[in-house]
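With the hints as extra help, turn the sequences into a complete structure.
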Amino acid sequence: MPSFSHLPAELRLCIAEVSSPRDCFNFALVNRATWELIKPIIKRHKTLAEKYSWLQTESSEHLVWTLLNDVLENPDVASYVRSIELNGSREVWHDPQVYYHTVLDQESLRPPPRDVERYVLAANRSPFLRTPLEPTMQSERMHNSEPMDLDQIIADGADGPIVALLLPMLENLQTLCYTMAGDCHWLLHILRQVVLAAHDQSRLSLPLPLPFQKLTRVSIACWSEDGGGDRWLHCILSLPALESFSANSLRGIDFSLTADDELRSMAPTSYNVSRLEFTHSDLDSSFLEWVIGRCKALKVFRYQNGAMHESFARYDPRALIAALISNCSQTLEELVLVDLEGSNRVSLSLRTRPTDN
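In this text, residue positions in the sequence shown follow my numbering: the first is 25, and each later residue adds one.
Heads up, a few of these hints could be off.
[Claimed, not checked] Within a straight-line C-alpha distance of at most 30 Å, the following computed DSS-like cross-link-like pairs (lysine-lysine) qualify:
1. Lys238 / Lys323
2. Lys238 / Lys67
3. Lys70 / Lys238
4. Lys238 / Lys320
5. Lys75 / Lys323
6. Lys63 / Lys238
7. Lys63 / Lys75
[What the hints assert, rightly or not] Across the chosen pairs, the derived CB separations fall in these ranges:
8. Trp59 / Glu164: 50 to 58 Å
9. Pro32 / Arg241: 42 to 50 Å
10. Arg326 / Gln130: 47 to 55 Å
No lab work stands behind these hints, which were simulated from the structure alone. Beta carbons: idealized from backbone N, C-alpha and C, even for Gly.
Right under this line is the structure:
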C-alpha cells in the first residue's frame, strides 16, 4: 500500500510548507528520511513560535505596530500568537510623550508614511473596522471631542485602530489581557460587530470562522471613568470558546437603559463561561442578573463592588445571590461578594464542593 514515505521529496516538501506547525511535525515523524527532509521547516516553526506565541507590551515599545507590520509582511506570523498582554504601560500613541489626542502637535512623532499607507489599506480590507460606529459610541466620541476620521487617527499614531486591526488577525489567540488605555472604542466596535455577525452570518457576507473563536481567557482593566462596561462584558462573554473572564475597575449600567438595543436583542441564549471575576467594579446588579441568567456552566463568581471612584450603579447582593441560585445552583462551586463602598454592605464568601455521587 502506498504511503507518504513513497511520495517524491518535492511533494513532501510542498505538503510540509502548507501544513500547520502541528501537522508538519506529525508529518515529519513518518520516517527518518522525511524528518531530515523537512527539518529546516520544523526549525522555522520552532523559531517563530518562540518569538510570537506569548507577547507582552512594555513601556517604550511599539509592540502593536511592530507586530502588525510583521503580520502584514508575513501573514503566517499571526497563527503563532497564542497569548498577548496589552497592559497599561504600553505606548498608546506612537509618540511616547503623547497620552491624548489634544496633546498632539506638529512635532509629535508619527508612524512612517509607508506604514500608515499599509495600515489604511488593511483597514479598508477589514470587514468590521469601516462599518459605522454605533450611535452611543459616536456620541461618546463627540462628547469627548475625539476625532472621527479613522485614517487621520491611524496617521496620528493612536494605537486603538491598530489593536482593532491586529487582534482579529490572530486566528489562534487563546488569552488576551487588555487595559482600556488610549482610544479603545475601536476594539469594542470590532467585538460588537463580531457578535452581530455571529447572530446573522449573512449580515456582512462573512466566511466562517469569525475572529476570536479560540479565545478562552480574557482579562480587562479600565482606567477610564466612562461607563460602557456592560457592552464590553456582553460582547466578550458572547465568544463561543470563552471559559474565564476577569475585570478590574469595570463600570457600566444595564445596557437595556442605553441606546444599543440592537446588541441586546442579538444576545446569545447562553454563555459558556465558567469563571467570572470582578475587582473594584461598578456594574448594575440588574445587568449582572441578566448576565447570570445566561451562564449555564458557571463555577466561580467573584464580585468586589466599588472603591475605584464614586459609585453610581445599583448594587444588590441579595438579588445576585437569588439569580445564582436560580440559574447556577447545579454548577456553582465558589461565590465571593464584597462591598467596598459600604452603602449596601453584605460581606459574603461561600465555597461549596459538588456532592459526590
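Quick check: which numbered hints come out false for this structure? 5
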